[in-house]
Amino acid sequence: QKEVEQDPGPLSVPEGAIVSLNCTYSNSAFQYFMWYRQYSRKGPELLMYTYSSGNKEDGRFTAQVDKSSKYISLFIRDSQPSDSATYLCAGGGSQGNLIFGKGTKLSVKP
Amino acid sequence: KAGVTQTPRYLIKTRGQQVTLSCSPISGHRSVSWYQQTPGQGLQFLFEYFSETQRNKGNFPGRFSGRQFSNSRSEMNVSTLELGDSALYLCASSPNGQGNTGELFFGEGSRLTVL
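Listed in order, the protein sequences are those of chains A and B.
Quick note: the first sequence uses the numbering used here, first residue 1, plus one each step.
Quick note: the second sequence uses the numbering used here, first residue 1, plus one each step.
Take these hints with a grain of salt, some might be off.
What the hints assert, rightly or not - Pairs of lysine-lysine, DSS-like flavour, derived with a Cα cap of 27 Å:
1. B:K57 / A:K42
2. B:K57 / A:K2
3. A:K42 / A:K56
4. A:K105 / A:K2
5. A:K42 / A:K109
6. B:K13 / B:K57
7. A:K42 / B:K13
8. A:K70 / B:K57
9. A:K67 / A:K2
10. A:K70 / A:K105
11. A:K56 / A:K67
12. A:K2 / A:K42
Worth flagging that the hints you see were computed from the coordinates, not collected in a lab.
Here chain B stands alone, though its shape is the one from the complex:
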């Protein structure tokens, strides 16, 4: 069974640009969550999508958005990039959502550097 796939793995952007990250969950998993990981703050929850609906959202500004498609694939977008957005963005899938069992299967992440 293929794992969670995230693309691109690495990317470099400049301040003010926008970026779109993609995540393909494990086949059959209906929930996709996004986390931002930085050395200073650790793993911070961005949002969770379940069956194309945003189920939960973390405390991030509106520049961070996401969506989920009918095939459960998900994208997240960050607009007007700031230096502080440099981080590893992790996508995680689960069969029925975090509130059910909490078991998450993570991808390897997309490492974003903002210059």
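Chain A with its partners taken away, still in its complex shape:
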């Protein structure tokens, strides 16, 4: 079992929809969690960073962490075609490197 599991999709939604992206993880030592966005032929870019259980909001994006169930989510409100990308979740801690999920490919149709 990979330390971070993520549904690869692809996920296709109409413009304006609410998107829910999810990951599960198995490493209890993870202290922080991130969501990266990767456009085609580009490197990943950090989208959201959370250090504890709960919600963190940034504009149309909300990251949610539930450490008790080892579940992390990213919600995108009012999705736009420019949100079409691959979304990677990741967990990490002081003991070592970031572990990434395989990514979910999202397509937002106009």
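Chain B: place on chain A using the hints.
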């Protein structure tokens, strides 16, 4: 502030050859990490260098090696290339290392094709 720069962006090699990839981190960042990205395995950690020392290493064979110079620039080398080494190799820099905050700034990658 310039981002992470990786060269070359694309390269084609044949089996058995070796390749060297280069990464220039964001100015002031002391940590450089390398990842291999493939459709089947996703992003897999290769190694992290901090102040010229390898701090952490992933589960890759010894054919994969790296180093970091005093100016924080880093190179990774893959010897005796295999078809399965075809991938996007991503370099990421951070101010103080992955174990500190985990915030990584990625370059656009070097896409290696092995024929």
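(request) Of all the hints given earlier, name the ones this structure violates by number, lowest first. (result) none
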